[in-house]
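> These protein sequence lines are chains Z and B, in that order.
The opening position of the first sequence corresponds to residue 1 in my numbering, with each subsequent residue numbered one higher.
The opening position of the second sequence corresponds to residue 1 in my numbering, with each subsequent residue numbered one higher.
Keep in mind the hints are simulated off the structure, nothing from the lab.
It is possible that part of the hints are untrue.
Claimed, not checked - With a straight-line cut-off of 30 angstroms between C-alpha atoms, the simulated DSS-like cross-links for lysine-lysine are:
{"no.": "1", "chain 1": "Z", "residue 1": "K215", "chain 2": "B", "residue 2": "K2"}
{"no.": "2", "chain 1": "B", "residue 1": "K2", "chain 2": "Z", "residue 2": "K208"}
{"no.": "3", "chain 1": "B", "residue 1": "K9", "chain 2": "Z", "residue 2": "K215"}
What the hints assert, rightly or not - Residues on chain Z that point at chain B, a partial pick, calculated with CB under 10 angstroms:
{"no.": "4", "residue": "G13"}
{"no.": "5", "residue": "L65"}
{"no.": "6", "residue": "A141"}
To be verified - Far from chain B, some chain Z residues (derived; all Cβ distances over 12 angstroms):
{"no.": "7", "residue": "L47"}
{"no.": "8", "residue": "F120"}
{"no.": "9", "residue": "I129"}
{"no.": "10", "residue": "P191"}
{"no.": "11", "residue": "G210"}
Just so you know, even glycine gets a beta-carbon here, dropped at the ideal spot from N, CA and C.
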Amino acid sequence: MLDTTRPIETPEGIELSLRVAGPIVRAIAWCLDFGIRMIIYIILLFLVSSLGDFGIGLLLVSIFLLEWFYPILFEVYRYGATPGKRAMKIKVLHESGAPVNWSGAMIRNLLRTIDFLPFFYGFGLVTMIINKDFKRIGDLAANTVVVYEEEIIPVKKDRAWMDESPLMPITLSLEEQQAIINFADRAQHLPEERLIDLANIVTPLTGKTGKPAIKTLYQFANGLIG
Amino acid sequence: MKQRTFEDKHQQQWEALEQDQDIAQFPRRYRQICQHLALARDRHYTPHLITRLNRLVLHGHQHLYQAHSHPISQFIKFLSVDFPQRVREESRLVVVSSLLFFGSLLIMFLGVQIKPDLIFSLMNIEQVLDMEAMYNPNADHIGHNRESDSDFLMFGFYIRNNISIGFQTFASGIIFGLGTIFFLVFNGLYLGCVAGHLTQIGYTVPFYSFVAGHSALELIAIVLAGVAGLKLGLALIAPGRLTRLDALQQAAVHSMLLVYGVIIMLLLAAFIEAFWSSNTAIDPIIKYIVGGIMWIVILAYFTLVGRHRAT
Numbered sequence: 001m002l003d004t005t006r007p008i009e010t011p012e013g014i015e016l017s018l019r020v021a022g023p024i025v026r027a028i029a030w031c032l033d034f035g036i037r038m039i040i041y042i043i044l045l046f047l048v049s050s051l052g053d054f055g056i057g058l059l060l061v062s063i064f065l066l067e068w069f070y071p072i073l074f075e076v077y078r079y080g081a082t083p084g085k086r087a088m089k090i091k092v093l094h095e096s097g098a099p100v101n102w103s104g105a106m107i108r109n110l111l112r113t114i115d116f117l118p119f120f121y122g123f124g125l126v127t128m129i130i131n132k133d134f135k136r137i138g139d140l141a142a143n144t145v146v147v148y149e150e151e152i153i154p155v156k157k158d159r160a161w162m163d164e165s166p167l168m169p170i171t172l173s174l175e176e177q178q179a180i181i182n183f184a185d186r187a188q189h190l191p192e193e194r195l196i197d198l199a200n201i202v203t204p205l206t207g208k209t210g211k212p213a214i215k216t217l218y219q220f221a222n223g224l225i226g
Numbered sequence: 001m002k003q004r005t006f007e008d009k010h011q012q013q014w015e016a017l018e019q020d021q022d023i024a025q026f027p028r029r030y031r032q033i034c035q036h037l038a039l040a041r042d043r044h045y046t047p048h049l050i051t052r053l054n055r056l057v058l059h060g061h062q063h064l065y066q067a068h069s070h071p072i073s074q075f076i077k078f079l080s081v082d083f084p085q086r087v088r089e090e091s092r093l094v095v096v097s098s099l100l101f102f103g104s105l106l107i108m109f110l111g112v113q114i115k116p117d118l119i120f121s122l123m124n125i126e127q128v129l130d131m132e133a134m135y136n137p138n139a140d141h142i143g144h145n146r147e148s149d150s151d152f153l154m155f156g157f158y159i160r161n162n163i164s165i166g167f168q169t170f171a172s173g174i175i176f177g178l179g180t181i182f183f184l185v186f187n188g189l190y191l192g193c194v195a196g197h198l199t200q201i202g203y204t205v206p207f208y209s210f211v212a213g214h215s216a217l218e219l220i221a222i223v224l225a226g227v228a229g230l231k232l233g234l235a236l237i238a239p240g241r242l243t244r245l246d247a248l249q250q251a252a253v254h255s256m257l258l259v260y261g262v263i264i265m266l267l268l269a270a271f272i273e274a275f276w277s278s279n280t281a282i283d284p285i286i287k288y289i290v291g292g293i294m295w296i297v298i299l300a301y302f303t304l305v306g307r308h309r310a311t
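Please model the entire structure based on the sequences and the hints provided.
Structural data, given as structure tokens:
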């Protein structure tokens, strides 16, 4: 299946799924970080301009730190995300799903110089495209993966269809039961015409068409979920 | 169990985990939720619930398994055991890297003695004149002390320049070691060229008294960056029983220890170069002695320190 979810297994024996981030969103995050670094350079330039040679020395040290350690420090101390990555809601994780550690962040960011060759992330892009987790060379060597930040979704307490009086349909297979519950769960995100279309497919089950069919499906869902 | 009963029963636990209330309860709660996720999957509850539990577990997983470090004790252990041990473990690559670097340095040095024009194969005329002006024993600035402000400027310059070279030497090793070999040989030839030319025209005292202090740290650091890079390349060329990817990942973690050491050595070298080497008020003899002691201390450090077994 063409899919960007990546399963990982935790020590508890649970399989988790992560969604890996592709080249475009990572490129945008990189551009944001680049912009932030540029702004810091300009501010520093203003600050040190009155300090003479000492200021230039300070500037050179800051350039060195920003060049190499900006991504490393953010990835280690800010939960795997530089400000650019945070804005794009992506972050770096170790392949085990654990947060990236010092050596992981160092490896992936020092090898950035190689990903950048021969010009503007040429090697990096090619490598990302030919492996299934969109890893650039640095990610391969560091065993890291860039994934979408998953926010905890609140539990749906106010399911509109929950008010319907529960009704048990005739014996259905597990997949059919799931389809009905998913239909009810997703109903509020769909336009009414589409709901009617979908409900009409199962007329043989409900014995109705149009809006009454939707209502019956809600009742079934309610009965099935308990 | 129907989904709604399941949700009602465990809702409180999930919310407690979400809010991270009680740190002592966290591992137990986390493991319970792992179990809930497995159950929810097995019982084919709605995707919404499964996604929610998946994310809760994911957050808990990252919270529980994040690396906790004790930076100061780790740093002491690194310097007193891990770093010299790691260098000794890689002794064969240390030899290869040293031969590449010091070998090309020596060849160029001798080459320039025999055929002075060889310098123009690596430098253009302006660079040569700049370099000569810098170490001219008769020049004005030699007698004067540099302002401490410009010392700091040079400190910044050395840090940026030298550590970047170290990083490049390491990182380019991933191109089957070729990049590392290029940087080692090129930097060796370049230094050989500078030293050879300045020796040949007789500017020995200003040049050697300048480089004596930091030479041990800087040159050995470049060799070690080379070792780290060659290790990456070697993992790809000869992965042994592992897959190339596994071998690379292992080699990368191992060579990181060397890279940390290289950073520390180059920071020290930049400090010495900016504030000690450049100080012309110090007698060259003292600088040579200090430089010699540095070489002995550093070679002794790598051969002797951290030999005891960790208890």
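> Work down the list of hints and note, for each, if the structure agrees.
Verification of the supplied hints:
1. Note on Z:K215 and B:K2: the hinted pairing holds, with a Cα-Cα distance of about 21 angstroms set against a maximum of 30 angstroms.
2. This hinted pair checks out: B:K2 and Z:K208 have alpha carbons roughly 27 angstroms apart, not beyond 30 angstroms.
3. Between B:K9 and Z:K215, the direct Cα distance comes to roughly 28 angstroms. Compliance with the 30 angstroms bound is thereby established for this hinted pair.
4. For Z:G13, the suggested interface contact is upheld, since its CB lies about 8 angstroms from the closest CB of chain B, less than 10 angstroms.
5. A least Cβ separation of about 9 angstroms between Z:L65 and chain B falls short of the 10 angstroms threshold, and the interface hint therefore holds.
6. Taken as an interface hint, Z:A141 checks out: its beta carbon lies about 4 angstroms from the nearest beta carbon of chain B, inside 10 angstroms.
7. Distance check for Z:L47 against chain B: the nearest CB is about 14 angstroms away, which clears 12 angstroms, and the non-interface claim stands.
8. Against chain B, the non-interface label of Z:F120 holds: every CB pair exceeds 12 angstroms, the least being about 17 angstroms.
9. The Cβ of Z:I129 lies farther than 12 angstroms from every Cβ of chain B, with a closest approach of about 17 angstroms, so its non-interface assignment holds.
10. Against the 12 angstroms criterion, Z:P191 stays outside the reach of chain B, whose nearest CB is about 20 angstroms from its own CB.
11. Once the 12 angstroms rule is applied to beta carbons, Z:G210 is consistent with being away from chain B; the minimum gap is 25 angstroms.
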